[in-house]
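Peer 1: What follows is each chain in one-letter form.
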Amino acid sequence: MEIKDSYELPLSKERVWAALNDEQFLKKSIPWCEKLERRSETELAAEVKLKIGPMSTRFTGNITLSDIDPPNGYTITGSGKGGIAGAASGSAKVKLIEDKDTLSTTLSYEVSAQVKGKIAQLGSRLIQSTAKKLSKNFFGSFVKQLEDMDNS
Amino acid sequence: MNEVTKIDGIGSSVRRTEDKKFLTGKGRYTDDINRPGQVQAYFLRSDVAHAEIKSIDTKAAQSAPGVVGVFTGSDIAADKVGGPICGWVVPCRDGSSTKEPPHPLLAQGKVRFVGDAVAVVVAETMEQAKSAAELIDVDYNELTPVVDFVSADKGAQIHEEVPNNCYFDWELGDESATNKAIESAAKVVKLSVRNNRLVPNAMEPRSALAEYDSLDESYTLHTTSQNPHLTRLVLAAFMFAIPESKLRVIAPDVGGGFGSKIYVYIEEAVCVWASKKIGRPVKWTADRTQAFLTDCHGRDHVNDVQLALDENNKIIGLRVDTVCNLGAYLSAFSVVVPTILHGTLLSGQYDIPTIYTNVKGMATNTVNVDAYRGAGRPEATYLLERTMETAAKEVGMDPAEFRRINFIPKDAFPYQTQVALQYDIGDYEPHLDKAMEMIDYSNFEKRRAEAAKRGMYRGIGMSSYIEACGLAPSAVVGALGGRVGQWESASVRVNPTGTISVFTGSHSHGQGHATTFAQIVADKLGIPMENVEVIHGDTDKTPFGMGSYGSRSLASGGSAISKAVDKIINKSKKIAAHLLEASEDDIDFKDGKFVVGGTDKEKAFGEIALAAYVPHNYPLETLEPGLEENAFYDPTNFVFPSGTHIAEVEIDPATGVVEVVDWAACDDFGNLVNPMIVEGQVHGGIAQGIGQALLEDAHYDENGQLLTASYMDYCMPRADDLPSFKVGYTNTPCTHNDLGVKGCGEAGAIASPPALINAVIDALSPLGVTDMSMPATPQKVWKAIQESQSVAAE
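These protein sequence lines are chains W and F, in that order.
Counting from 1, one number per residue, gives the positions in the first sequence under the numbering used here.
Counting from 1, one number per residue, gives the positions in the second sequence under the numbering used here.
There may be inaccurate statements among the hints.
Claimed, not checked - What follows is a list of derived Cβ distance ranges for each label pair:
hint : chain 1 : residue 1 : chain 2 : residue 2 : range
1    : W       : Ser104    : F       : Pro163    : 55 to 61 angstroms
2    : F       : Ser788    : W       : Lys28     : 53 to 59 angstroms
3    : W       : Asn151    : F       : Val657    : 50 to 56 angstroms
4    : F       : Arg288    : W       : Trp32     : 27 to 33 angstroms
5    : F       : Val657    : W       : Lys144    : 40 to 46 angstroms
6    : W       : Ser104    : F       : Arg288    : 50 to 56 angstroms
The set of hints was computed from the structure by calculation and includes no laboratory data.
Where is the CB? At the ideal position from N, CA and C, for every residue including glycine.
So that you can see chain W by itself, here it is in the shape it has in the complex (with noise of 0.2 angstroms):
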């Protein structure tokens, strides 16, 4: 399963990479994400909170950062165990691309997901759909609370 997507935002790249790297900011940013922890450089802990069709699943997983190219994006890879329902693993490739003339960055994001066990069995046909809802819910809301911060 892939998505993609792309977002302009009136901010300079080193602001959004710096966003990018903030967990704090970043669990602002994910509503379901019940925590989110550093545990190194390019390490983190996460829980998350997820109704996909039928199910509703905490998962509980580790996100490793790779591919790091700052201020021009990295790889977040992670994958979670959801107990009974299954699991999913998956990756977004993040880029960061500054236009000079007007100030502003384009973020965009390759997702690729993969998921098992009961998830897939019941939810298959809806997880594209969730996963579009998600990514965009996040980077959507990433956005937002950027330029909130910027206004302010």
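Starting from the known structure of chain W, arrange chain F on it as the hints suggest.
Peer 2: For chain F alone, coordinates are given in the frame of chain W:
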């Protein structure tokens, strides 16, 4: 009494006596049965398709609330418990035999499909067992899954014992003669077809309840089985190494099987094992998701067909190369289904001078594939009848006429096919003619034109099928690699007042045996049907028997009953002769009375029964008292039902929805015992065939996750998907059983998919569509219409 006989006897559409309890919700299924002190088993299943198990940590689960035991593959291995066995193997082209890897009851070192059982948690309640299972930590080293069976030979090896993931590579027929026929043919029709994978979906999910009695060291297992005696044999002899007499297997009311409840599954064996380990009765019942994941699936073939014709459009040869998916482990009949039950059917109703087929059975990281209603014969019929229709269109003949000129002529029986079977009897033109008449074939083009005015595409398609059922002569089965006999048993006990208890080795899980078998006995003895009780499904009550599958119950089980009743009549004649002071040879038995020929001296059947049990005036010096007889019937051949089904469809080009608007089924099942039950079987079979052709498709993604694991994604036929069926019969009675019966349980599912797909293609043929794979879903049909229109626009 005589009048009642006429109403109840063979040939009467007596209402099913078992329906009262089923229609009022009073059926007694395995899960309805509970025992004091019973605990629940829950299986932790792999959510990855192919992986090594690095470790399993069950500590937290062991101490979870309500848990009485957590077991893994190492516990099973420590107790040296065997796994399910393959009941039938075939030789390979290279001279080797079928590769039979072990199938442990719980995974040992490796998991091989999503749903493979890794551990079992036994707890006071199912909720507690499920919660505890969540605490088990399994560390997997994931391996590349093998999902596509056609390329499985190039995938990661699933079993050490199965190189190239090929369980067997089998052939039948004369390859060089067939290739020569193809080379010299005036025309060769080529077709590749896929037989889609199906989930059996019995209404009642599988269930087991096992108890161990430590005082007499014996087990009782209630289970959802089509053949409790075979289950007992496999569990006792191959898994637990205990005497069969120490295990009682009861298959009470069973809510549908369709083949999926033939096999011994790991869950029922684990329950038996755990019941002794824990010392309490252990119950397990599958939920619907587990049924989707772990019941053996059906079909899943691809077939490449080459049909050689001479200049007169007569068939001169047929070659079929098949690859089929057998899944992660070899199930009981998974090998025989795509080989012996498939390859031997390739002559169909046609006189084909040479046939060759090769079948490769592949291992994949999907659940096991085994017999499903029709078992091999739907696959054979589908490829053949799709090819016949395609050939007719390619040579410009009416499909009915093309079939007609290639039929085995009725004076050619017994007919030896080029694929091992010898058909004892048949006559194919009458059912073709009758089916065409039933559906008003000659006026079809008018209906097509009328539909076109409404903007609808109307099509007609047929299928003339044969099937070999009534499994089967034991010696033939043995010669072909079968590891069991295929006879059937019956014990007929006449009670002192003349009522009858019939104990059958067959098993009814929807077929209506209590009615049909009682009709046979009532008819033969001239007594009312309600005096006959049919008992089945309990190894402590019934004689050893093979159970029900392969449309065998009437042809084999009914024949055994008939033979046992003949023995009852023979002994009764001796008793009557004594009572009537006549010679045994002078006694005639008719309408329930033993009469001295040419006199009015007679004794009713009930009087004979009483004399046998109260033998005060009885020839004890020459005859044993009592009236109870056994029969074991081994058929001398398969039985060969045949028929023609014609489907008529309308397709809405705006939606791609295929509506089945008419259906004519004309079948030759030999003599009918209960035409109403037969018609019900035909309806059910066609419904399942329509499901396969239009709706059902089991789909695994590239990681081996079953995406169609619920009714949200796996579409079953419903009443509004089906037309009102026109059902008719012809009759060439079977020549080698006393009742002259064939089998009817699978015919509808065998005949219908090609008829329906042929009709869909016919409807779209004005657009240039020549092929359509199953299931013909609205999306697929709509796409075919769009593509044909874009081609036309170019």
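Peer 1: So, for every hint listed, does it hold in this structure?
Peer 2: How the hints compare with the structure:
Restraint check, W:Ser104 to F:Pro163: a C-beta distance of roughly 60 angstroms satisfies the suggested window 55 to 61 angstroms. Separated by about 54 angstroms at the C-beta atoms, F:Ser788 and W:Lys28 satisfy the suggested range of 53 to 59 angstroms. Checked against the given bound of 50 to 56 angstroms, the beta carbons of W:Asn151 and F:Val657, roughly 53 angstroms apart, stay inside it. Range check, F:Arg288 to W:Trp32: Cβ separation about 28 angstroms, and the 27 to 33 angstroms hint holds.
Checked against the hint of 40 to 46 angstroms, the pair F:Val657 and W:Lys144 passes, with Cβ atoms roughly 44 angstroms apart. Between W:Ser104 and F:Arg288 the CB atoms are about 52 angstroms apart, so this pair conforms to the stated range of 50 to 56 angstroms.
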